[in-house]
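> Given chain E, work out where chains R and Y should sit, using these hints.
So the chains spell out like this:
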Amino acid sequence: MLEIYNLDVNLSYRGSQIKALDNLSFNVYPGEILGLVGESGAGKSMTGLAIIGLIEAPLSISRGKIIFNKQRIEQNANAFRGSKISMIFQDPLVSLNPLRTIGEQLVETIRTHIKFGRKEAIEYAKSLLEEVGIEQERFDAYPHTFSGGMRQRVVIALALAPKPSLVIADEPTTALDVSVQAQILELLKKLCRERETSIILITHDMGVIAETTDRVAVLYSGTLAEIGKTFEVLNYPQHPYTKGLIEATPRIDANSLNSKLYQIPGVMPDLKEIPVGCPFHKRCPRYIKKCVEIKPPLLNERAACWLLDNEKGLL
Amino acid sequence: MVLLLVALVSFIIFRYVGNPVDNILGQEATMAQRAALEDALGLNQPIYLQYFDFLVSAVQFEFGNSYRGALPVAELILSRLPATLELAVTSAVFGVFFGITLGIYTAINRGSFISNFILSSSLIGVSLPTFLIGVLLIWIFSVELNWLPSFGRGEVIDLGWWTTGFLTMSGLKSLILPSITLGLYQMTLVMRLTRAEMLEVLKQDYIRLAYSLGLTNKQIYFFHALPNILIPVITIAGLQLGSVIAFAIITETVFQWPGVGLLFINAVYYVDIPVMSAYLLLVGFAFVIINLIVDLTYILIDPRLRDNQLKSER
Amino acid sequence: MKHPFLESDLYYNFKRTPIAVLSFFVFLIIVIMAIFADIIAPHTPFEPLTLNLLNGFTPPMQANEFTGTIFLMGTDDQGRDLFSTILFGLRISLFVGLMAVFLAMVIGVTLGLIAGFVGGVVDTVIMRFADIQITFPSILVAMLIYGVAKGLLPPDLRYEMSITVLIISIGLSEWVPFARTVRGSTLVEKEKEYVISARMLGLSYPQIMVRHILPNILSPVLVIATITFALAIITEATLSFLGVGVPTTKPSLGTLIRIGQDFLFSGEWWILLFPALTLLLLALSINLFGDWLRDMLNPKLK
Chain E
1 MLEIYNLDVN LSYRGSQIKA LDNLSFNVYP GEILGLVGES GAGKSMTGLA
51 IIGLIEAPLS ISRGKIIFNK QRIEQNANAF RGSKISMIFQ DPLVSLNPLR
101 TIGEQLVETI RTHIKFGRKE AIEYAKSLLE EVGIEQERFD AYPHTFSGGM
151 RQRVVIALAL APKPSLVIAD EPTTALDVSV QAQILELLKK LCRERETSII
201 LITHDMGVIA ETTDRVAVLY SGTLAEIGKT FEVLNYPQHP YTKGLIEATP
251 RIDANSLNSK LYQIPGVMPD LKEIPVGCPF HKRCPRYIKK CVEIKPPLLN
301 ERAACWLLDN EKGLL
Chain R
1 MVLLLVALVS FIIFRYVGNP VDNILGQEAT MAQRAALEDA LGLNQPIYLQ
51 YFDFLVSAVQ FEFGNSYRGA LPVAELILSR LPATLELAVT SAVFGVFFGI
101 TLGIYTAINR GSFISNFILS SSLIGVSLPT FLIGVLLIWI FSVELNWLPS
151 FGRGEVIDLG WWTTGFLTMS GLKSLILPSI TLGLYQMTLV MRLTRAEMLE
201 VLKQDYIRLA YSLGLTNKQI YFFHALPNIL IPVITIAGLQ LGSVIAFAII
251 TETVFQWPGV GLLFINAVYY VDIPVMSAYL LLVGFAFVII NLIVDLTYIL
301 IDPRLRDNQL KSER
Chain Y
1 MKHPFLESDL YYNFKRTPIA VLSFFVFLII VIMAIFADII APHTPFEPLT
51 LNLLNGFTPP MQANEFTGTI FLMGTDDQGR DLFSTILFGL RISLFVGLMA
101 VFLAMVIGVT LGLIAGFVGG VVDTVIMRFA DIQITFPSIL VAMLIYGVAK
151 GLLPPDLRYE MSITVLIISI GLSEWVPFAR TVRGSTLVEK EKEYVISARM
201 LGLSYPQIMV RHILPNILSP VLVIATITFA LAIITEATLS FLGVGVPTTK
251 PSLGTLIRIG QDFLFSGEWW ILLFPALTLL LLALSINLFG DWLRDMLNPK
301 LK
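Protein chains in written order, with the working numbering: chain E, 1 to 315; chain R, 1 to 314; chain Y, 1 to 302.
Note that these hints are calculated values from the structure, not bench results. Nothing here was measured: the structure is a model prediction, and the numbers come from that model. One or more of the hints may lead you astray.
For lysine-lysine, the following DSS-like pairs were computed, each having C-alpha atoms within a straight-line distance of at most 30 Å [claimed, not checked]:
{"id": "1", "chain 1": "E", "residue 1": "Lys65", "chain 2": "R", "residue 2": "Lys218"}
{"id": "2", "chain 1": "E", "residue 1": "Lys295", "chain 2": "E", "residue 2": "Lys229"}
{"id": "3", "chain 1": "R", "residue 1": "Lys218", "chain 2": "E", "residue 2": "Lys163"}
{"id": "4", "chain 1": "E", "residue 1": "Lys65", "chain 2": "R", "residue 2": "Lys203"}
If you anchor each label on the Cβ, the simulated ranges turn out as follows [as the list claims (entries may be wrong)]:
{"id": "5", "chain 1": "E", "residue 1": "His204", "chain 2": "Y", "residue 2": "Val21", "range": "40 to 50 Å"}
{"id": "6", "chain 1": "R", "residue 1": "Thr101", "chain 2": "Y", "residue 2": "Asp262", "range": "32 to 42 Å"}
{"id": "7", "chain 1": "R", "residue 1": "Thr216", "chain 2": "Y", "residue 2": "Leu281", "range": "39 to 49 Å"}
{"id": "8", "chain 1": "Y", "residue 1": "Leu222", "chain 2": "E", "residue 2": "Lys289", "range": "45 to 55 Å"}
Stretch-level coverage of chain E by chain R, calculated; a stretch enters the list once three of its residues show a Cβ under 8 Å from a Cβ in chain R [what the hints assert, rightly or not]:
{"id": "9", "stretch": "70-83"}
{"id": "10", "stretch": "132-145"}
{"id": "11", "stretch": "148-161"}
Glycine is no exception: its CB is placed at the ideal position from the N, C-alpha and C atoms.
Pulled out of the complex, with its shape left as it was, chain E reads as follows:
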């Protein structure tokens, strides 16, 4: 349904161009939930913004194709925004207009995309509120009277209102209390499954990936490190970085009690100083000479790592 080919996003800095996203390619299939995972600054949110066409200076899409239902959209995302693709942002406290009631905001979005009369739009808006678990009486309430979790429910209602076929959820639960996170994720998952809407779920939390997604793409320094079915990637990671991410995730079970959490050594390089070769080799426990010299392509349609080339699946 959504296909991305060789996407480059450049950041212009002091007159030169720095690659923030480098040769990114992946697909999203109808009705699936694709996880996009990586450290802060890996380019997860940027990928989301690029798909929905909200990349702004000093960033720009410099190469590549984004194809949605056989139409190229990277040049005129306007026509697709909302109606076909919508987005949910990280912090619900700031993603609703504070001066307008949630009802007004819902009705406005609905009427922009669906030819509804005022009454119909209000009816539809109220049914949506009901679906996301907010009483209809709160239709005329202002955002500041809601808690963070409730506001994210409103945002979900807004994002689903125009009946899009893809929702990009950019860390939708990071800013929320832990107890609320699961509820919101479940709600999003349930509603999208009912509507057969695909989700790109951006997160840095491997736990969320494991519980929610069908497939997962791991980003590192603006490059795709690994992509595949969630079950396979989590259980049989092919890229050393994925492996590190999984091992660095805290677990709560008897064995791990009091044991020290694994850390990937070093930090992700600054965009200005991405090394030649594999961007990860300076932190990689198993890098070989080739890693320093040539950047690995995606091998076996799975991971961008030269180790796969040498010793198949040995990781």
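Below, chains R and Y without anything else, positioned relative to chain E:
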């Protein structure tokens, strides 16, 4: 509170600065003349009584007589207030309207040729002292083109308690240049503020969400962004209204506009203390009123403040 | 080894912003011309002996019909060479502006430091006073102070002291922005480890304030000083234009414009134009530079 303090300052000025007796009678007056005048002006009473008297009479609009011309100050000010208010209101409307419009335009079309042109000329506008703008306008439109009058209010119609220049052709014509002079500064300020706020607001997540929901630019700019910039813009515009009063002094001097500002500058020039202190009180009063209006507007615009207000009243 | 300043973002951006460079150099040229007015000026406009009334009203770059002298910018009614008059006027304007900013800075920084560092009642009193003063436009405050000061001075001193009075009035009317900013930054710096450790070492308050906090809050002070300087020059010009500034025997740019306006209707436009242009250039260059500086040093706007 503010008003009381302002009153205190203006009282101190009134009482201690300059010697009213000297000013009225000159250096060569006899002792007897001086004593008589001191009595007449109430300068012999204890100081707190004098302050109290001052407050009481201020509330009643009694500011004593101007040293120069010996007319009651209140009468002087009241007769000149309409001229200043008409000028201030016209210029404020001009400044705020064009300021917001241009501010939004330049924020939306950031980097376009016209925006850059407007912005750089606005910077010149800010740098140009008000009086220079006035003088240049007179030069172009009065001296060279001979289109508009360069001084005075033109023909005014007396409505009994108010004199207005709005109703005659020459009155309106006379209003144009001073209003532009006075309004230009506010316009540039409001414009730059509107632009900065607009750019700030357009970066907010709710605007990004609105974009990602596929709302049109028009919906986003006017229904989502504009209301959110109004609060800071109104605050500054309100505070600026204070400067309008100050800059009115300059504008009135340049155009010989018979308003309160001209009265004040003459008072400073001739050290006419009662007029100065009365003017100060008037300005303080205007500020209090303006602040009140600004606060009320906030509550109208922002539901969050509305709720806070209700809570604190309970 | 390059100097660290040449490597900084500030300098990089400066080179890349033609307006900043241009305004900086225009300002520099104006200042140099004002400083060396004695050398540059072709005439000495304030020596009555050298003046020739026959030279009066000579248009710029034209030979005078009686004496045949050519003046770059023409002459005024008394035959004073406008170019020289402007140079000397600039000097007065710049001097008044500089001194006023300096005064405002000293008062504002001191009060701001004290308010921020000491806190409590002192803070409340200072900032409350600042709040009230700031509601009144500085030009109005300056006028009031000027009027009051004139009232207090004995009449025979009024004339001589007017430049000092002017500096004090403008300085006193502009201290609030300094105080507010310094107080804000002081509150932040106060909580940092280095101040806390200085306190533990038993340094006195003034020592901590001047030696430790002050150097860390200088950059916003610098920006405000630049902007205030432009403002002070404009305020001075305005007051002089209104006739409540410097005496006419020592005309500043504002006074010159005031004189020029009188001759507008009789056609001697140059008497107005050249001082006005100079003032515009001066104010514009400082403002543009200050604007750029503010953008650079204020990360919020970046």
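> All hints are to be evaluated individually against the structure, with a verdict given for each.
Consistency of the hints with the structure:
no.: 1; hint: Lys65/E / Lys218/R; in the structure: holds (29 Å)
no.: 2; hint: Lys295/E / Lys229/E; in the structure: holds (24 Å)
no.: 3; hint: Lys218/R / Lys163/E; in the structure: holds (22 Å)
no.: 4; hint: Lys65/E / Lys203/R; in the structure: holds (26 Å)
no.: 5; hint: His204/E / Val21/Y: 40 to 50 Å; in the structure: holds (44 Å)
no.: 6; hint: Thr101/R / Asp262/Y: 32 to 42 Å; in the structure: holds (37 Å)
no.: 7; hint: Thr216/R / Leu281/Y: 39 to 49 Å; in the structure: holds (45 Å)
no.: 8; hint: Leu222/Y / Lys289/E: 45 to 55 Å; in the structure: holds (53 Å)
no.: 9; hint: 70-83; in the structure: holds (count 5)
no.: 10; hint: 132-145; in the structure: holds (count 3)
no.: 11; hint: 148-161; in the structure: holds (count 4)
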